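Going line by line, the protein sequences match chains A and B. Here UniProt numbering is used: the first residue of the first sequence is 1, the next is one more, and so on. Here UniProt numbering is used: the first residue of the second sequence is 1, the next is one more, and so on.
Keep in mind that the hints were calculated from the coordinates and are not lab data. Any given hint could turn out to be false.
[What the hints assert, rightly or not] Below 25 Å or equal to it, Euclidean Cα-Cα: the simulated SDA-like pairs (lysine to any residue) are:
1. B/Lys260 with A/Asp37
2. B/Lys260 with A/Tyr236
3. B/Lys260 with A/Ser220
4. B/Lys260 with A/Leu214
5. B/Lys104 with A/Tyr28
6. B/Lys104 with A/Leu255
7. B/Lys104 with A/Leu214
8. B/Lys104 with A/Ala20
9. B/Lys260 with A/Tyr28
10. B/Lys260 with A/Phe211
11. B/Lys104 with A/Val11
12. B/Lys104 with A/Val21
Being a predicted model, the structure only gives us computed values, none of them experimental.
What follows is each chain in one-letter form.
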Amino acid sequence: MRTPYRPRTFVLELVMVAVAVAFLFPVYALVTLAFKDPGQIANAPLSPPNPPSVDSFGTAWQSASLGSALLNSTLITVTSVVALIVLGSLAAYFLARRASRLSYSLYILFLVGIILPFQLGMIPLYQLVNDLGLLGTYQGMILFYTGIQLPFTVFLYTGFIRSLPADYTNAALIDGASHLQAFRHVIFPLLRPITGTVLILNAVHIWNDFFTPLLYLGGSGRETVPVRIFAFVNEYTSDYGLVAAGLVLAALPILIIFLLLQRYVIRGFSSGLKG
Amino acid sequence: MTTVRRMGGRGGIAPPWMFAVPALLVYALVMLYPSIVGAGSAFTDWSGVGEERSFVGLENFQQLLHDDQALGALRNTLLLTVAIVVVQNGLGLLLALGVHTTIKSRMVLRVIFFAPVVVSPVMVSFLWKYVYNPAPDAGLNAALGAVGLGALRQDWLGNPSLAIWSVAFTVIWQCAGYSMVIFLAGLEGVPPELHESAMVDGAGTVARFRHITWPLLAPAVTINVMLSTVGGLTLFTQIIAMTNGGPGYATDTLSTVLYKQAFVFGKFGYSTAVALVLAIFVAAVSFVQIGYLRKRETAA
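Chain B on its own, in the form it takes in the complex (with noise of 0.2 Å):
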């Protein structure tokens, strides 16, 4: 009997369909079944214990325009985001044109930067929790006083208005060495052939770095906003341990509420119709960037 291979695309011969099955079936039973089994729920009052349920059409999501505690956490996961990645993608760009430079210490620095974005966002936010101790004499209030700076002290996760800033600053200290290394890998792509004829030219810095460094800046700059803004978007772990939501509602985000809806409430049915408003703002958000990326792909 003779093996008939069939070609592959790019002139080699095609792998046999066994290789992609193992894959494809823990990816199926642990994503695509519950999340096509989630987004039916959105439309029950699935309680999570046992399979009763019954379809309520759109009581879910209009239960939810009429939750201030979803409304707010909506309204505070869209104040997050667009801070998150206005600050974080920011202070990023700057620290990759600083290290970008012959200055002795860019090495440390990178590694300075960068060192907290592989440690657990639980961690960091405990050692954050400290710096915001609410007492006069300790963390960042202690720093405050010792430089003479005593009237600035703040509740900063105590006060309702100020909190949700101190949670997105929580976020930016940790994630803006990441935006940074993606800058800088975009920095290290710019030829500096174009900045020395630029110089013989006679531009200046800012002009150098306007007309030359951002265009090219472009592929960083949209991977490093699509990535914080679901970042954003879903932020949960840095909220439940620094702030569980408070205080009040103050500082609830999307996920936080559909977590408590679920395993605080029980009411799964409608934290899936929270899930699924923002699945909804995610994928919105992850297609720019998929279609972004695969025209990047076809283009290289």
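Only chain A is shown next, with the shape it has when bound in the complex (with noise of 0.2 Å):
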């Protein structure tokens, strides 16, 4: 509710501001801790860094082999993003447009997938990964990513195609245009709102995913960011500026997307859920 600004409003404001501090504190005492040398960090662990010291940050880049993270996470990411995209809504339009018993069983069977727990066929998949020669791959986490964030995908995109007249694409098939086409080139521009609440939401989950990474990729070459982070702390678990360092630098890319894109990811996790 939209009030004007009165002294309770400032009250309010001061709370607010001080909640926020006290939010901010671990930020604040890891990126300190980043900033200074053994010594500083001994002596004045919650002081501002007196000189600031950058060493850490070329150590830990170097160490936890971060720029090589980074490439596999964004290829994994972006491939399996794409995926997604266009293998759910191709299957989200059909079933949002064909009114049969069987397409819309086949519906609730993908809703199945959003209440299974992936932990159940967690070691069933490994093994099958394993078979089909795909542990320590791009291939196999890609795969695993579609698969497994096909069903949420579906869900948003099938209610979004619900609430669109049928007309657009009608028109389009009369004028001589395939299914194809008239997908392409009329329904899936009208899909950019839901496709961008779909990028934001899988995006986010792929990026920072841990546990299947780590069992898929451990030791490859083939690490994200997450399990490389993972590796390093436990490598140097008592190098408090370095391991500071590290998750600095391993949180800035998604912190930097996350600040320019704020009101679009925002919108996105808040809206995504409700369909």
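From these two lone chains plus the hints, build me the complex, please.
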């Protein structure tokens, strides 16, 4: 509710800013740690770095092989999200527009996938990926994410397509376009809002996922950022400055993207779940 | 030859089956087939090596009932879930109410509170692992000392009765902003006229919240509760990164136990039995969620 700015509002403002300062304390502790040399960490754990040292960042970047980890993460995330958008929107278009008992059953079958926790199939899937020779490969991870995130993606697209009028495609089809052409040139552009949501939710999930990449990619040289950071932190546990610098570097790319696209990201997270 | 096109449900011309086939194949390969095999393995003594396995009926589940680590993990999982659901959503609601006002910092505060949501739980866990450093002159203990509360210093992750709450708080710190934005979306859907007319009738802030805002927030509450429940039940990464289930088994969850049983002890059959128990919990919660979402879908 929008009321004018009153003394009460000012008090609330102070309270909220104080909450934010307390909320940011861990971040402050981490960032200052990253800029300190070991002597400063021991003597002045919470004070600002004086003088700031950037040595830890270079060492952390090298030791955690963050450069190649970022490339691995980017490749896996981008390819999986593209596959999800293409496969998910096509399937949802079919499910939303074909009214038969069979297509409805198929839609329910996809919804079951939202309920199923992946832990149930985790071990058989690990075996399957191993048998297919895809352990330690990009393809294995991309296949995994596409399959695991499809139910949610199909659910979001189907709900959205059902709310669109059918007239556009009918006109295109009557004009002689094929189904695929009608989808590509008429339907898909109309799906932009929900494609944005699908893209944001899937990209953030895949970029940050830890468990499966640890299982599938550990030791392969194709580890994603969270897996590299996990190994890095466990190796240099007691070197606080170095660990802090590694964490800051590893979190920075997604935080920068978030700050640039904050409105879209927040909207995606708050709207996506309601279809 | 003429093409006969079937008419779709809302007057559209139905697209061909081929549109759904690729998605269905990938979904079946990655989720349906492994889940069916997994559910079946819960009744076998599969070691995970080779195909050799024999049917052992409910033996794995009987073993589970006598396995202190697994029972402790079940208890921890439920405790963590309740703590996270209540505190994360309570805080999320307060934050949402706080920034859904005319305060000047409201947009900046939204970004700050939401930011941890986009960071990998592994990194957030390591950040908090430093905050929970047992040394008196590091992290939270140093901050307590600096403000004269040195008596409250703790071994946050090393104390078996405290560790689980320290982990819960890490999850809450990371996810409160998620609850906040969902509540905010709900608050933005509350018509201001309702508040204005209630104010004319002399209703105070608390009365207006109870009788206008809260009922209209029901959908946001449901979504938040469901999301945080499933998140709490399947908690894994934060545990592995911060405590690895310790000290002892004090912070093991169903997910960490089934992971250790499979990949540390090679008991794949038993591990999938734990996974099946977890799946039943999650399915029960999600089922309510899906039913609710579908009801809204048809109402819209």
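Structure versus earlier hints - violations, ascending order: 1, 7, 9
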